[in-house]
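Residue numbers (this note's numbering), protein chains in the order written: chain E, 1 to 113; chain Z, 1001 to 1105.
There could be a bad hint or two in this list.
Below, simulated SDA-like cross-link-like pairs (lysine to any residue); rule was C-alpha separation at most 25 angstroms, straight line [stated by the list, open to error]:
| hint | chain 1 | residue 1 | chain 2 | residue 2 |
| --- | --- | --- | --- | --- |
| 1 | Z | K1092 | E | N71 |
| 2 | Z | K1092 | E | E53 |
| 3 | Z | K1073 | Z | K1097 |
Taking CB as the label site, the calculated pair distances span [claimed, not checked]:
| hint | chain 1 | residue 1 | chain 2 | residue 2 | range |
| --- | --- | --- | --- | --- | --- |
| 4 | E | P70 | Z | K1057 | 33 to 43 angstroms |
| 5 | Z | H1102 | E | P8 | 28 to 38 angstroms |
| 6 | E | L39 | Z | R1003 | 16 to 26 angstroms |
Keep in mind the hints are simulated off the structure, nothing from the lab. Ideal placement from N, C-alpha and C gives every residue a C-beta, glycine not left out.
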Amino acid sequence: ETGVTQSPTHLIKTRGQQVTLRCSSQSGHNTVSWYQQALGQGPQFIFQYYREEENGRGNFPPRFSGLQFPNYSSELNVNALELDDSALYLCASSSGLATYEQYFGPGTRLTVT
Amino acid sequence: AQRVTQPEKLLSVFKGAPVELKCNYSYSGSPELFWYVQYSRQRLQLLLRHISRESIKGFTADLNKGETSFHLKKPFAQEEDSAMYYCPWGDKIIFGKGTRLHILP
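With the rest of the complex left out, here is chain E (with noise of 0.2 angstroms):
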């Protein structure tokens, strides 16, 4: 059994520029969750997908996007980059939708400047 993994560790970025972020869940795993965390904050939530399917989103406007595939890895890409998305973006992977216990990756690390 594998656990969740994040590519890339780091990233630079510059304003305006998009970004695409990757997630690959625990095996077995059908839900993922992305998250924000600023520095000294707690994780805030992006959005949910279950199996390939949106299923809640926190309070981050449309330019904040995602993807799950079949094989439930998963994508965040953020467009239009603004300094304030620098941040540590998270994963989280879980087993349906009782999303009882998630297992979290190590994050990417993003920076813009």
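Add chain Z to chain E, keeping to what the hints say.
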């Protein structure tokens, strides 16, 4: 609307002393509450959930509906307990700002 608050940003406790990390909630209906922990340089991980009523690493958390609380407790703190602790809620696992627990030698 459901909401959970952790009133302490930082809690410093001497090794061997009891620990209580506070988590207060306001809910309509049955709450879904958890404790997650993030040790230094490690991933965020589940510590406890309210439905399981188990003890993990010596920690327990009881749902107190009268006081609307789900405090995390441990009778004797250990240095390895130093970490960030979060009390998220809901089926989407919504996190607040958390409490940093610092165990003093």
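Taking only the CA atoms, is the gap from K1073 of chain Z to K1097 of chain Z under or equal to 25 angstroms?
The given pair, whose Cα atoms are some 19 angstroms apart, holds under the 25 angstroms limit.
Look at the Cβ atoms of H1102 of chain Z and P8 of chain E and judge whether their distance stays inside 28 to 38 angstroms.
32 angstroms, holds
Straight-line alpha-carbon gap K1092 of chain Z to E53 of chain E, limit 25 angstroms:
15 angstroms, holds
Verify the proposed pairing of K1092 of chain Z with N71 of chain E, using a straight-line Cα cut of 25 angstroms.
21 angstroms, holds
Could you see if the CB distance from L39 of chain E to R1003 of chain Z stays within 16 to 26 angstroms?
24 angstroms, holds
Please test the hint of 33 to 43 angstroms on the beta carbon pair from P70 of chain E and K1057 of chain Z.
The hinted range 33 to 43 angstroms holds for P70 of chain E and K1057 of chain Z, with Cβ atoms some 37 angstroms apart.
Checked against the numbered hints given earlier, the structure satisfies every one of them.
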